[in-house]
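Chains as they are written, first to last, in our numbering: chain A, 82 to 288; chain B, 956 to 1343; chain C, 3 to 225.
These aren't lab readings, by the way, just hints derived from the structure by calculation.
Don't take each hint at face value.
Pair by pair, the computed Cβ-Cβ distance ranges are [stated by the list, open to error]:
(1) P149(A) <-> D172(C): 42 to 52 Å
(2) P139(C) <-> P282(A): 56 to 66 Å
(3) K242(A) <-> D172(C): 44 to 54 Å
(4) H116(C) <-> D214(A): 52 to 62 Å
(5) A254(A) <-> E198(C): 43 to 53 Å
(6) K1010(B) <-> E198(C): 38 to 48 Å
(7) E1142(B) <-> V100(A): 32 to 42 Å
(8) H206(C) <-> E1142(B): 46 to 56 Å
Computed from a predicted model, the values in this text were never measured in an experiment.
No residue lacks a Cβ here, since even glycine has one placed at the ideal position from N, Cα and C.
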Amino acid sequence: MSQIDEQLRTELQRQGVWVTSMQELYNWGRKNSIWPLQFGLACCAIEMIATAASRYDIARFGGEVFRPSPRQADLMIVAGTVTKKMAPQIVRLYNQMADPKYVIAMGACAISGGPFKQGYNVLKGIDRYVPVDVYIPGCPPRPEALLHAFMELQRKIKDQKLTGANKAEFLKAEQPSEFPVPAFGSHDLEPRANRDVFQPPVIERQS
Amino acid sequence: MSAAIETIEVMERPPLSMGSRLEGELLEVSMGPQHPSTHGVFRMNVALDGEVVRKLKPVFGYLHRNHEKIGENTSYLGSMPYTDRLDYFCSMTNNWAYALSVEKLAGIEVPERAEYLRVILAELTRLQNHASLLGFLLSDMGAWGTPLMYAFREREKILDLFESLAGSRMMCDYMRFGGCRVDASDEWLARAKQIVDRFPKFLDEFEELILGNEIVIGRTQNVGKLSAELAINAGITGPMLRACGVNYDVRKVDGYGFYPRFKFRVPLGDHGDTYDRLMLRALEMRESVKILKQAFPQIAPGPVVNPKIKVRGFRPPVGEAYGRIEGPKGELGFYLISDGSSNPYRYRVRPPSFINLTVLEDLCLGHTVADVMVILGSIDIVMGEVDR
Amino acid sequence: MESLDETKSRIEAAVPGAKIEILQNGTPAQQHSLLIDREHAVATARFLRVDPALRLDFCSNVTGVDWLDRVVKKTTKIKKLVEGQEKEIVETTEEKIPGYLEAVYHLYSMTHKHGPLIIRLRTTDRAEGSRLPSLTPIWRSAEFQEREIFDLYGVHFEGHPDLRRIMMWDEFEDHPMRKDYREPDDYEWEPTPHDEVLEKAKAHYPSRPRLDGAEDIVEPLKH
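Produce the complete structure using the sequences and hints provided.
What follows is the structure, given as structure tokens:
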């Protein structure tokens, strides 16, 4: 996947010359200093804080600086149950983040509603309104699981292309980076899901 | 409710000088639901006159997960994992409160070893809850997370104990109706005793670094004073009530479990301000260590669950019961109405943090915005419990 | 603490016209409750808080309960004259109890350290008549809990200082904790449904695509 021939690169390195491409350098800088948004909703937030504490240090991976303001963050870790009352605020926060931005859905509640799925106030997954990059199952997932997800995200960022046909989403001019905020209806949120974002596979059942 | 910023026409008013009291227009600010203080999704609509709070209305419901409705559609035992997620710092005490209520409803007895284990786990939970709270409050005050790291270091030791006993760090789901799920080995008890023996050294270090710090004293003394009459009338319980000088601890009043067998004191505060609440939690941690030191020699081998209980098809008699315990945040109670079937007819949680927030407006009036976060931190709320 | 009968007679003496009823509780918890009528609720509550022997100054828990229309079967043994002889016959009567909403208050005393005393207030019906007097002026701890009962059950508390929705958003129209509430239908993506969720998810299954018209054939082929 590299743009440079590996053999040439190793040969040059033996001579003391280091060759890289703009894409590698750019992605290397981005993936090693991700600034998460300080945004914990429920129980998973405590495991997120435990990940940031001294035992499972997230600072080793570059994610130490948790910014309280969305304008300064590039990763939103949705940790905890997303309720319908909170969903418009989450979409607003996502809209306020600057590109390139990533979302990790941490915990069963953020993926699909979790144990509280059957509820009048629980949104069945944050991916109904906002595109998600990494999903972490668990209730709550261990701090090591969050670190694994962080590393997966770093791998994803490393493989993002800056030019060419399949360049990264945030570089395409016609891709939206802000999504419409749902409104409070009289029985439910309106719309119930954002059809551009929420595209679950169609299930064919036997009966 | 959106933030409305009123414009002040400076030309028509005289310039602001020290000591002059001007009647400006009130600035309405919405603090939350996403804010750096890590109490969860809680929102306060504050009306400010400059920096001084004139009106404060809390807004709840951002984590309302309809736990009570799920309780009506689930069996009694099926609701036990949901009680872990109420106050997600203290899952063991939540489980105990629920198990106590169902045992009252159905008249179930608990064997001795299970009662001792329950006391040991509840006091360990209280230790790590109070330590984390002090850590969070100090990070709100601007200590940038260092006391939190110290507190979480101790918390990780206790969570390791929970994990090797119950299988999970936070959501333990350990208590059952009539005892506990799994027995604790002697090796576990020895490890727990070792951690408890080393805890006072951490407490000494913590108190010296934090509670004697002049910034903490300056920011918390005489801030958020709560009178005893208002506290009793507003239904405040837990360390917040005892900081006002009212001697009401459910462990002593009801005497549930085996608490009457242990000698411990109930610390009381004098002034009812934020510093008293902090200091009281530090003193309560020492009392918990005392209880634990008495419990370890007294525990004897035996069964940990009542063998006469039906696990499948558990149907309590028709009626109702209200059971309560002294959780780390206050009085946690469960009110169950049973109609004879396997699901409860009405399942209600009495949340201490929710009721302790009744007086938030009274405490914050007249103080500055910076004090609001300190007062909110000292009330010790957890949104999983407030919104259920 | 004194027995419920004593409390009942003292309340009836102190608050003239109050109609109190003792409701028995069949569980080993033995927590019997007092049913208080709506008109004298505030006066009764004030008496309970102020009376020196009781001093119930701590209202611990306020719960809302929804009772639907019920049919209660009662079996009684009656002595009847059958063919000139007195016999004991077991008769079953069915009593229709209309539904109502209920607020249950658990009261304790911090001064005397006794309790609980449980009082209940009932509405007339589950529709427009669901109004109850608010006990917030007596015990401030009822403030948020009565707001929650208003939000989730629809009981209107008269005399409450600030009655508005607390858990759900302001534009929400239903009262979710009622037994006949139907939740909104967002079950379109259910990978592993079973029981009730399977029923709800079936409404969203895609129909099988039209292939060649063979689906319209009703009669089986005869070989």
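Each hint, compared with the structure:
Taken as a hint, the range 42 to 52 Å is violated for the pair P149(A) and D172(C), whose Cβ atoms sit roughly 27 Å apart. Checking the proposed 56 to 66 Å range against P139(C) and P282(A) shows it holds: the Cβ atoms sit about 57 Å from each other. A beta carbon spacing of about 47 Å between K242(A) and D172(C) agrees with the range 44 to 54 Å that was offered as a hint. Remark: the range hint 52 to 62 Å for H116(C) to D214(A) is upheld by a beta-carbon distance near 58 Å.
Separation of A254(A) from E198(C) is about 47 Å and conforms to the stated range, judged on CB atoms against 43 to 53 Å. Taking 38 to 48 Å as the suggested C-beta distance range, the pair K1010(B) and E198(C) conforms, at roughly 45 Å. Checked against the given bound of 32 to 42 Å, the beta carbons of E1142(B) and V100(A), roughly 57 Å apart, lie outside it. Take H206(C) and E1142(B): their Cβ atoms lie about 53 Å apart, and the range 46 to 56 Å holds.
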